[in-house]
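Trainee: So you can see what is in the structure, the chains are spelled out below.
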Amino acid sequence: MGETEGIDSNQYLTFKLDDEVFGLEIGKVREVLDFTNVTRVPQTPEFMRGVINLRGSVVPVMDLRLKFDMAQAEDTVNTCIIITEIEMDGETTVLGALADSVQEVLDLEPEQIEPAPKMGTKLPTDFIKGMGKQEEHFVILLDIDRVFSVEEIAEVKSSAA
Amino acid sequence: MLDQQKEIFREEAAELLSDLEDSLLELEESPEDMDLVAKVFRSMHTIKGSGAMFGFDDIAAFTHEVETVYDLVRNGEVPVTKELVSKSLAARDHISSLLSGEDIDEARGEELVTAFQQMVPGQQPAAPVETAPEDLGYGLFDDAPVEPPAPVAEAPSANADATYRISLKLDRHIINTGTRPDGLLRELAELGPHQMVAHTGDIPSLDQLAPEECYLHWDIILTTDQGLNAIKDVFIFVEDDIELKIDVIDDGEDPDADVDYMRIGEILLARGDITQQELDEILGQNKPIGQKLIDSNVVPQEKIESALKEQEMVRAARTQRKAQETATSVRVPAERLDYLVDMVGELVTVQARLSQAAGMREDSELVAIAEEVERLTAELRDNSLSMRMLPIGTTFSKFKRLVRDLSNELGKDIELKTSGAETELDKTVIEKLNDPMVHLIRNSLDHGIEAPDVRAAAGKQATGTVLLTAAHSGDSVEITIQDDGKGLDRDAIFEKGVEKGLISADAKLSDTEIYNLIFAPGFSTAKVVSNVSGRGVGMDVVKRSIDSLRGSISIDSQQGVGSTISIRIPLTLAIVESLLVSVDNESYALPLSIVEECVELTRQDIANAHGRHLVNVRDQIVPYIPLRQEFEAISEPPDVEQVVITNLNGNRVGFVVDQVVGQHQSVIKTLGRMCKDVKGLSGATILGDGTVALILDVNHLAKKVEQEAA
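Those protein sequences? They're chains S and Y, same order as listed.
Following the numbering used here, the numbering of the first sequence begins with 3 at its first residue and continues without gaps.
Following the numbering used here, the numbering of the second sequence begins with 1339 at its first residue and continues without gaps.
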């Protein structure tokens, strides 16, 4: 596949949560699924929606809205699951992220990307790789590895105990 | 390409080394067994040979020293001693580390080389001329003194068995050059099963016989998997003094070759012993061809005999090959098998969907097809799962070594007995069992079995015994580790349990309950922390590893008599028969093997129990765990709930669910890293409709509730 060098590519998949537009490096995205039946896993944090069957593998799905302390939304026809491959302790883990809707694949040159602002966003700045400028709008480029980092597992652990 | 070959060599050598370890340990017990010595020698020889071939020169050089000593042992010049075996085991370990390229201790290697060199009693004088007469008897008598090496399985050459006709004529004066013909023949004999015929026709009458001349020549039929070069190598130093003709008469490649081989006349013809004309003439007469040939004096009797032997050998080789055809094995990387099992797992899932869909359509033809698919899938599943099954004996032999080394270290005399080594278990299970088993055996040796003098004082045999058994029982395998040591100290455990706050001082516990305390985290009774066990990783780690294999462990003991630890492990980790239930609109699966029965739980029952979670099943009180509460359900419970009564290590525990759905073949999937710390769930499975159901870890749930109640 050509997009395996995606780490360095300038393409981003954009999606919406509420009114905010987010971007993910295309290399981290494996596929986008329609919303399907998610099996809830008891004793996990609220942002963990549950698990789905991805062609025979059991893949956990996270609700990014809840993860980012936004209000939970009703699932609509546009709701989709972005299947990402994240690095966790040096291992690749497949993980689904729930988004309100997927927008487009965006080309962003390095000069179109500004460093993450120290304040002003609702998200912890750790999660943000940079701000992409798309005409008059900003796209929040996520560092998805950080979003579900080791501390997150710890959180899963402590709330499960 | 070379890397790939090196990899193959590594694998093969690892196998050889493990065989070697077994042979050495056996040899230690029966030092007189020359077959074992030969086996050890062959292993060393193969490691050396193929090591050199694939560029592992260090291994070849090192192994050479050991091989030299075993060659002498084989010839009865060096005795098998305990020290020799110990050194050989150390050498085996050294080869193993050279092979892996890890923790190479060069000083140790040199030390061993010196030790082995010292075992060689002086340099052997170059080929003595005086030849023992019986040694020359090779082929003169039908029974060759050197047993053909037992089934060639030990010589893991990639080559197939091939049969060669070797015609050997030595120079008359070859003995004067210091060559021993019997040595050559013996070397040849080691290559594989063989038949030799010596031709004595050239021996002159006694008055003309020069005793230092060689008048014999030989026909040898040899079946070997070592290839033509190995045969030529035997004669490498005498090439100039012999007439050697080697023909491949059966290359071993053609599995369809008829068992029948050429007729005797054809063989002689092919050897050039008779001409077509002579053969035709004789064929005119009506006796068995062999007899006719002898009668007609065209061919001397021994030539016929030799040809007959050729016929016999090739027939035997071909018959054997036919028989083995089905038993031949193929080396397949483990991950390919894992992939196959994964695919079968998916197939099982799809098949379940098909059956479900067919049932709903009410189309009898479709139902018939679905049933056929179901049958095939079940067969395919069983078959592919059985491919990953290995006999547990592979680990047992490792333990033999462990016991040997440890008992030396501890100054105790301990014997390990095993039974049921052929019991088969999933490969992954065997691998994961290794560490806990090592720990348990160490424990038995260190804490269980007493020192010889203590044993003698207690009126026991000085030699302690650890008995390792494995046996199938239902869909699981039961492994026991039994020692005849001092047993567990019931009171000491009880005290310690109280001290650690695990139990209250006035608790009334059965013996089993007390013994099982040793599996609690942070429990260790050993007063002195020794090198062997008690390094902080206690029995709780063992317990956890067994739990992770969905197994159970229990201990039984009698003070002064010994302890028995029993481990039950499911046959496979991949698929489990389960009972599907629903709680709060989600599906969950429980392993069917622990389910005893299902009973109803009405509101009235709950009210009657006055808030206690107990249900009356045929006058027996069974505690239950309401899963709705456990999983923080939000929806309203149904009017009548169901209690699934399970048997957990002898205790009956109920699990309250909304509904019992039915039986399900669950292909076990891991929940992945994100959920690995979720307690009470051991995995997930995919249902017929494609949704995910979670598999309950009933043991853990029960324990958790128990702890909360305490």
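Incorrect hints may have been included.
Stated by the list, open to error - Mimicking DSS-like on lysine-lysine, the simulated pairs with C-alpha atoms at most 30 Å apart in a straight line are:
(1) Y:1881 to S:69
(2) Y:2017 to S:69
(3) Y:2017 to Y:1834
(4) Y:2041 to Y:2017
(5) Y:1583 to Y:1507
(6) Y:1344 to Y:1570
Calculated directly from the structure, the hints in this document are not laboratory data.
Trainee: Given the hint that residue 1344 (chain Y) pairs with residue 1570 (chain Y), test it: the Cα-Cα distance must not exceed 30 Å.
Mentor: Roughly 25 Å between the alpha carbons, so the hint for residue 1344 (chain Y) and residue 1570 (chain Y) holds.
Trainee: Hey, residue 2017 (chain Y) versus residue 1834 (chain Y), does the alpha-carbon distance stay inside 30 Å?
Mentor: holds (28 Å)
Trainee: Keeping to a limit of 30 Å between CA atoms, is the pair of residue 2041 (chain Y) and residue 2017 (chain Y) held or broken?
Mentor: Given pair residue 2041 (chain Y), residue 2017 (chain Y) holds - Cα atoms ~11 Å apart, limit 30 Å.
Trainee: Does residue 2017 (chain Y) pair with residue 69 (chain S) here, judged by a C-alpha cut-off of 30 Å?
Mentor: holds (22 Å)
Trainee: Does residue 1881 (chain Y) pair with residue 69 (chain S) here, judged by a C-alpha cut-off of 30 Å?
Mentor: Violated, at roughly 36 Å.
Trainee: For a C-alpha distance cap of 30 Å, please report whether residue 1583 (chain Y) and residue 1507 (chain Y) respect it.
Mentor: The hint holds at about 9 Å.
Violation of the numbered hints given earlier is confined to hint 1; every other hint is satisfied by the structure.
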